[in-house]
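Listed below are the residues making up each chain.
Number of protein chains: 2
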Amino acid sequence: MEEKHRELMKELQSLLSVEQVTQNETALLQHGGDESYHAPVLPACIAYPKTTEEVQHIVRTAKKYRMPVIPYGRGTSLEGHVIPHEGGITVDFALMDQILEIRDSDFLVKVQPGVTRSQLNKELKKHGLFFTVDPGADATLGGMAATNASGTTSVKYGVMRDQVRDLEVVTAEGTIIHTGSEAVKSSSGYHLNGLFVGSEGTLGCFTELTLRVYGIPESIMAARVTFPSVSDAVGGVVTLLQSGIEIARVELVDEPSMQQVNKHMETSYKEMPTLFLELHGNEAGLAQDVDFMKTIMEEHACESIDFEMETAGRNQLWEARHNLAYAYVHGYPGKKLMVTDVCLPISQLAGAVAHAREELNRLELVGGIVGHVGDGNFHVLLMIDLNDSEEMKNAAELNENIVYYALARGGTCTGEHGVGIGKKKYQEEEHGPALAVMEKIKQALDPEEIMNPNKIIRTKRGDEADETVRTN
Amino acid sequence: MEEKHRELMKELQSLLSVEQVTQNETALLQHGGDESYHAPVLPACIAYPKTTEEVQHIVRTAKKYRMPVIPYGRGTSLEGHVIPHEGGITVDFALMDQILEIRDSDFLVKVQPGVTRSQLNKELKKHGLFFTVDPGADATLGGMAATNASGTTSVKYGVMRDQVRDLEVVTAEGTIIHTGSEAVKSSSGYHLNGLFVGSEGTLGCFTELTLRVYGIPESIMAARVTFPSVSDAVGGVVTLLQSGIEIARVELVDEPSMQQVNKHMETSYKEMPTLFLELHGNEAGLAQDVDFMKTIMEEHACESIDFEMETAGRNQLWEARHNLAYAYVHGYPGKKLMVTDVCLPISQLAGAVAHAREELNRLELVGGIVGHVGDGNFHVLLMIDLNDSEEMKNAAELNENIVYYALARGGTCTGEHGVGIGKKKYQEEEHGPALAVMEKIKQALDPEEIMNPNKIIRTKRGDEADETVRTN
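If you're matching them up, the sequences are chains V and E in order. No gaps in the numbering here: position 250 of the first sequence is 250 in full-length UniProt numbering, and each next residue is one more. No gaps in the numbering here: position 465 of the second sequence is 465 in full-length UniProt numbering, and each next residue is one more.
Only chain V is shown next, with the shape it has when bound in the complex (with noise of 0.2 Å):
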């Protein structure tokens, strides 16, 4: 094997540079693994390309030795999507990281896919524009088209897959093709576009990314209402949603979660379950919204309406709910963040979100919920100390019940964060005979299993991970 290494790596170093591909141990340690509680596996080496043709060089090497290829953002997936559980080349898409083209009547953008999110933003700024996904990590564009990342502002302006227009992708083959065009929409041939959004590397490496982005709004208002109990502040929201406001954000944080906001923001937010909402309009139209807003929250006994005009308070607003997660892995020194990512139909949400808290108090864990509720998506922060097979098992325990639930109810298993290695058991239960018409995707697209091999589908081969845990 580890000759076989040593030949890849001056094959891939001759092809790209030296200096382009490494197998120093820090590196190797740095790519094992992800933001998630799955055992991290080194990979054989790692790849930096420049150029799409590097890329190709890399996949059509890697097919040569039949070694795995795993595409690498920044490495904030959560549930082991760049995992290389079999070994194999990681792709690090860092050197890949310039904005190509800002083309702002047609509102669309080109990107290598090493961009983060906050750097496409930052320089979108300059043209009024802004790209809307924002996950809580500032995760790189593939890496969100990869793993069909949302975030905040899905309920309005929709999630990944609904901003991108076109991919560039190195097949598994080593061929570039190009998924969808600049047009806005388009029947002509299969929607590859949809098929390639949310495939984890299994299908190829993204090498550029045409996205749409929108015009930053005339006018943005924010707020924070507080209610006497998380099915109030759902209730909220279904009403809200039927009344035809246009919801830009809707986020419900539960009362154990505000009470970790204050401890670690140093904040004074009332402790009670919360919703952190944003509307967006004209000034018009929003003051409009606003008076009817208060109206419906009041018919849902909320305790308190807090508006937030001002940028200034605003942004203090969403930090304190995009640092959330922080909050907890701060407070809880030792312990590891195991994320629930169930989404639902919303009328199933408040009934789901109860079931979550039931399970959380019956299994004894520490956590909190937060949801971004106008989607029915929630997710349970769990802290979990890895070297405590109780807890372990508790933790396994909740995910599970909360996913049966989910699925039980018209839902799926994971609204935002993907399949990975953690989502796979779920697989079978949730799509049926459909996972085989994947399976037969993955098959005709990647026959030598070569692409970020076992995630999302089975591999042939048959090596299986499922339930790799870290143990610190």
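These are calculated hints, taken from the structure and not from any lab test. Every residue gets a Cβ at the ideal spot worked out from N, C-alpha and C, and that includes glycine. Treat the hints with caution; some may be incorrect.
Derived Cβ-Cβ restraints for the label pairs, each shown as a range [said to hold, decoys possible]:
no., chain 1, residue 1, chain 2, residue 2, range
1, V, Lys50, E, Gln242, 29 to 39 Å
2, V, Gln259, E, Glu283, 40 to 50 Å
3, E, Ala408, V, Ala94, 28 to 38 Å
4, V, Lys294, E, Gly432, 50 to 60 Å
Guided by the hints, dock chain E onto chain V, whose structure is given.
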């Protein structure tokens, strides 16, 4: 062959019922073609299933006899999608026309594939909801999903693909699968929803659809704005989009087409390039948008603006726009309608429309130009004499030149009508090596090529039927 057909017929009748399978000549003639200029071909027989299980019986029997299966809604497709080139069983979904569920709080409906959009909207209205996608014809929802139809509202609400949460599909193997779930979003597994929408019956028969619906907006304002030139009108739309005003509909109708409207509808609209516009919102927001819109339109040299706040006036305005194709058909008895359908980045639209008009003049063809300009999608409505070979040659040349103009500028050969037979010849030019990926998917999911063969993807059998033109 005849013997095989009789056997097939008998077997299908025993599985369904005698009344549900026919070889009646009038019925065969009715199902041989669509609304396009492509030459009809008769199916071997027509089956009218009532349940998903009956569709399974049909597909399995077809597989046994190696007969093609052609799903059929209302036959309103425009590129020969439902023409059974190699004979086969046409599956008419007329008896699967039930609205199964309207779930207000989840903004979703479940329908059988034979439900039409007007049938659904009539029912939704009672709930204060509406379904947004509105192609010219009153097509079935199954057919609209098969071609990824859109229409006048996609600039705000998206195309058919954006409305589909789940499809129940009978695959080429005769297996029942679900391509999605009831959740608003998901990152679980490959995105089969996106792949099957727009697959034009080539990957399976849709037997149930779960669709997204919207609340009817509080206020609606419609307007008719005239301009001295088409490029002024398009310029106005670009600025409008950049202004952040959320346009719900924006349709361009050129001067010759306005003449046709007046002739056919006995209206007296100004015969100038005209934008038909609609904004949705709350009352205050709409009032502010209307003021802003006026300013923008005046900056783009508009000649007149007429607003319609009342439902009756709005209906008349949209009726004029919707009836345009029929205005042409009635205005040129003996001729047939040919419709182009390219879509480009909006920055390229004014040039593309000007190019199309030049081509119409150069080739001495009669036709109007209309467009969903917010999406960059426009149509040339062309009246052609199928017995005039010179005119037919010129029409084909026009269509081709318009397609190549769009493809050279980042566009697509079809924005909303689909590929069928008519746009198959442009698939390689548009998709390049991605076409091979599509072929592999087709091969993997329908190796025997029984599902609507020779549409979108060329069959391996090599029967070609690109240029079949109806002769009267």
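Right, here's what the structure says about each hint:
1. Lys50(V) to Gln242(E): 29 to 39 Å: Given range 29 to 39 Å: holds, Cβ gap about 34 Å.
2. Gln259(V) to Glu283(E): 40 to 50 Å: About 41 Å separates the Cβ atoms of Gln259(V) and Glu283(E), which means 40 to 50 Å holds.
3. Ala408(E) to Ala94(V): 28 to 38 Å: 34 Å, holds
4. Lys294(V) to Gly432(E): 50 to 60 Å: 54 Å, holds
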